[in-house]
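Number of protein chains: 2
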Amino acid sequence: MSVDYRPMWSQLGLDLNAHDALLSVLGKAYQDIFLAQTDRPEGMKYFDFVMSEVHGLRIKELLDAKAEGRKVIGSYCVFVPEELILAVDGVSVGLCAGAEFAFAEAEKLLPRNTCALIKSAFGFKLGKVCPYLEACDLVVGENTCDGKKKAYETLDDLIKNLYVIDLPQMKSESGKALLKAEYQKFAAKLEEMSGKTITAERLRKGIEIVNNKRKALHRLAALRNASPAPISGLDALLVNQISFYDDPLRFTNSVNALCDELETRIKAAQGVRPQQTPRILVSGCPMAVPNWKLPWIVETSSAVIVGEESCVGERGSRNLTQDGSDTRLDLLMDNLVERYFKVDCAVFTPNPDRLQHIREMFATHNAQGVIHYNLQFCQPYQIESGGVERQLEDAGIPTLVIDTDYSQEDAGQIRTRVEAFIERIQG
Amino acid sequence: MSVDYRPMWSQLGLDLNAHDALLSVLGKAYQDIFLAQTDRPEGMKYFDFVMSEVHGLRIKELLDAKAEGRKVIGSYCVFVPEELILAVDGVSVGLCAGAEFAFAEAEKLLPRNTCALIKSAFGFKLGKVCPYLEACDLVVGENTCDGKKKAYETLDDLIKNLYVIDLPQMKSESGKALLKAEYQKFAAKLEEMSGKTITAERLRKGIEIVNNKRKALHRLAALRNASPAPISGLDALLVNQISFYDDPLRFTNSVNALCDELETRIKAAQGVRPQQTPRILVSGCPMAVPNWKLPWIVETSSAVIVGEESCVGERGSRNLTQDGSDTRLDLLMDNLVERYFKVDCAVFTPNPDRLQHIREMFATHNAQGVIHYNLQFCQPYQIESGGVERQLEDAGIPTLVIDTDYSQEDAGQIRTRVEAFIERIQG
Numbered sequence: 001m002s003v004d005y006r007p008m009w010s011q012l013g014l015d016l017n018a019h020d021a022l023l024s025v026l027g028k029a030y031q032d033i034f035l036a037q038t039d040r041p042e043g044m045k046y047f048d049f050v051m052s053e054v055h056g057l058r059i060k061e062l063l064d065a066k067a068e069g070r071k072v073i074g075s076y077c078v079f080v081p082e083e084l085i086l087a088v089d090g091v092s093v094g095l096c097a098g099a100e101f102a103f104a105e106a107e108k109l110l111p112r113n114t115c116a117l118i119k120s121a122f123g124f125k126l127g128k129v130c131p132y133l134e135a136c137d138l139v140v141g142e143n144t145c146d147g148k149k150k151a152y153e154t155l156d157d158l159i160k161n162l163y164v165i166d167l168p169q170m171k172s173e174s175g176k177a178l179l180k181a182e183y184q185k186f187a188a189k190l191e192e193m194s195g196k197t198i199t200a201e202r203l204r205k206g207i208e209i210v211n212n213k214r215k216a217l218h219r220l221a222a223l224r225n226a227s228p229a230p231i232s233g234l235d236a237l238l239v240n241q242i243s244f245y246d247d248p249l250r251f252t253n254s255v256n257a258l259c260d261e262l263e264t265r266i267k268a269a270q271g272v273r274p275q276q277t278p279r280i281l282v283s284g285c286p287m288a289v290p291n292w293k294l295p296w297i298v299e300t301s302s303a304v305i306v307g308e309e310s311c312v313g314e315r316g317s318r319n320l321t322q323d324g325s326d327t328r329l330d331l332l333m334d335n336l337v338e339r340y341f342k343v344d345c346a347v348f349t350p351n352p353d354r355l356q357h358i359r360e361m362f363a364t365h366n367a368q369g370v371i372h373y374n375l376q377f378c379q380p381y382q383i384e385s386g387g388v389e390r391q392l393e394d395a396g397i398p399t400l401v402i403d404t405d406y407s408q409e410d411a412g413q414i415r416t417r418v419e420a421f422i423e424r425i426q427g
Numbered sequence: 001m002s003v004d005y006r007p008m009w010s011q012l013g014l015d016l017n018a019h020d021a022l023l024s025v026l027g028k029a030y031q032d033i034f035l036a037q038t039d040r041p042e043g044m045k046y047f048d049f050v051m052s053e054v055h056g057l058r059i060k061e062l063l064d065a066k067a068e069g070r071k072v073i074g075s076y077c078v079f080v081p082e083e084l085i086l087a088v089d090g091v092s093v094g095l096c097a098g099a100e101f102a103f104a105e106a107e108k109l110l111p112r113n114t115c116a117l118i119k120s121a122f123g124f125k126l127g128k129v130c131p132y133l134e135a136c137d138l139v140v141g142e143n144t145c146d147g148k149k150k151a152y153e154t155l156d157d158l159i160k161n162l163y164v165i166d167l168p169q170m171k172s173e174s175g176k177a178l179l180k181a182e183y184q185k186f187a188a189k190l191e192e193m194s195g196k197t198i199t200a201e202r203l204r205k206g207i208e209i210v211n212n213k214r215k216a217l218h219r220l221a222a223l224r225n226a227s228p229a230p231i232s233g234l235d236a237l238l239v240n241q242i243s244f245y246d247d248p249l250r251f252t253n254s255v256n257a258l259c260d261e262l263e264t265r266i267k268a269a270q271g272v273r274p275q276q277t278p279r280i281l282v283s284g285c286p287m288a289v290p291n292w293k294l295p296w297i298v299e300t301s302s303a304v305i306v307g308e309e310s311c312v313g314e315r316g317s318r319n320l321t322q323d324g325s326d327t328r329l330d331l332l333m334d335n336l337v338e339r340y341f342k343v344d345c346a347v348f349t350p351n352p353d354r355l356q357h358i359r360e361m362f363a364t365h366n367a368q369g370v371i372h373y374n375l376q377f378c379q380p381y382q383i384e385s386g387g388v389e390r391q392l393e394d395a396g397i398p399t400l401v402i403d404t405d406y407s408q409e410d411a412g413q414i415r416t417r418v419e420a421f422i423e424r425i426q427g
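Listed in order, the protein sequences are those of chains A and B. Just so you know, we're using this note's numbering here: the first sequence kicks off at 1 and counts up by one. Just so you know, we're using this note's numbering here: the second sequence kicks off at 1 and counts up by one.
Don't read these hints as lab results, they were simulated from the structure. The reader is advised that the hints may include incorrect statements.
A pair counts as met if it fits within one copy or between any two copies, since identical chains are not told apart.
Stated by the list, open to error - The list that follows gives simulated cross-link-like pairs (lysine-lysine, DSSO-like), each with its CA atoms no further than 30 Å apart:
no. : residue 1 : residue 2
1   : LYS189    : LYS45
2   : LYS196    : LYS171
3   : LYS160    : LYS171
4   : LYS108    : LYS45
Here the structure is a predicted model, which means the values were calculated and not measured.
Produce the entire structure from the sequences given, and follow the hints as far as they go.
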């Protein structure tokens, strides 16, 4: 970062020493994990820049937006509709939850057997190191799992501007009605905060922006079907991670520029790995920045990741919202509810669509094996992984289930298991 | 048991050797924990008899009811409305989930970090030792927590007659609408199974029977306000546990007979423990038969338990369903929804009523300390216990949080902590 952002961080109430330490660790990890890769697409330079300015320029942009009267809305989940936030000219940002920071403090407020993602959200708040969180006008939680649902009750004491969206647990008519009522309530909250009314025109514009972002991500995902893989799984994951933080228009353009380059690569049969490199589909829990442990292990174990069945991946971006020619706000809201109700998150029971999607992705991406990534103590995905593993194996799809957290202690053990799995799918 | 029930168990498909082993352990535990108590009320003899015939006569009664064409409906939770089951002349039974049995088998299907109650439900099925489960025409699950919600997807493969009720997570209007829709769907399912139509008259009768059962439990709870305590916590817990299994009319009469005797005891200032015995309120996760570990430790550590803020206790029995003079089925259904929507289960977020109820129970029962009982990996209550402990302590109420499972390995450690806590509240 070329500018001195310390006054800005200070103003946001960050603990500058702790924040320096975090940035230093993050910078080194980024160097070792991303920049050390060879033969990366030129188009990744934009995302490298975004990451280098993740706590700098992007935060300044948020503060500039606030100065213009726009509201910054932070969230932890793909069920929070960015379309509505854009419809009140707000800025939507995903919040930091991918690193082990101040866990000892977090564990004074939460049971030790809480998943790392939730502890991380608390740790970043308690350690005062997340400029996104501090810049938010509203922090939006949601009832996707017991861990988050109950932890928000405690987080509410720490973050005075927390708002929680309720979620259905079954794909029933009353489940859909609940989601609709919650989205209407959230829209009203955004209107009240921003002083702006959500009109059909504004919402259609928001839908268009988010659809275009998702279309770019779909394009990137489809290009990964090619063999040899034109981009590493780490880089593709990074693009998905940045989709939660970045300005959506600039992001969409940058992803499309990257895709143009990948198309050229594919025509030239140019890959980031040799043709015969084993191809892995990763499925399961989301990986927030800077949670790169598993893909780093996989891709430094002579395999390549060709898809992420994850909220930070295709589960999050899968469906577009129908915009069509609807000029009635209520119909657009219905379309929005329809789109989000299709998300095959493990909050739903039963959740057969997800298994179907894993099988489709396995086939489409020409994968050879599935690694199911579980965050320890994430009960929805951990329990679901049992049935997923059995059914994938029954269908002849080699599957490895990894339960882990954000620490590095088990990295060696995971590498051993991943290497054995790669040998299996090669054999 | 005076009758040979082995042919009956065999017919139900139980594993007779495993079942013998279970009954033998259960019988010894009952002897050591319940019958070894001194100065018990005479009225407990009925409940001792019920327990001695828990897998015998009661199962025969269920099978006799089935032979008469009545349906036996098993459930794991206080959100399954017995009123509706009675309205189709069905029999409602709580299912075994209080003992560590066949956990190694259960852990092949579920993550190890699943709570003991859920593993127990699986273990009893996989080990073929629960005659209640095998006698059921329908097993009713419900989405109270991630563990159960996702485990039912796997249990569904083992129990072909599983039906799951969805539950709201917030006390909103749409949450209530969801509960109402689910109860209507459940009522329709019961009608279809039984071939009986739920009329206003039948439902009013069901409500009356369950209200009378709850009134008897309220009466028992209120008598425990007296000092010295007229009944042990273990015996009162047992009565609450049996409320899930027993014929409701016979049960209600037996509880009222017990209460008559306790009133006489109270008038004579006759207690099961000396006047100055420290008085404990237990709060938290449910304790299903034969999960008596914590109350046994507390009551053999020179304290007495005077109330259970638990589903197997006052949380489960708290409110009556308004029956009044409603002759319209839809209004009675509304009353039922109102009653169950008040339950202050940790499935709800936020859940401030529960803290209020703990404080009320602490005062009403003249308690001196609260022990918050958590089943390890029960995220809703474990996370909630953090805030509960802080707020109770802030209000000057001594609180001890115990996290445990169904094993006996930590019994010594728990006893040490309980003894220190009792010393604290005496000091």
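Hint-by-hint comparison with the structure:
1. LYS189 x LYS45: neither (38 Å within a copy, 59 Å between copies)
2. LYS196 x LYS171: between (32 Å within a copy, 28 Å between copies)
3. LYS160 x LYS171: between (32 Å within a copy, 21 Å between copies)
4. LYS108 x LYS45: Answer is neither: 41 Å inside a copy and 46 Å across each miss the 30 Å cutoff.
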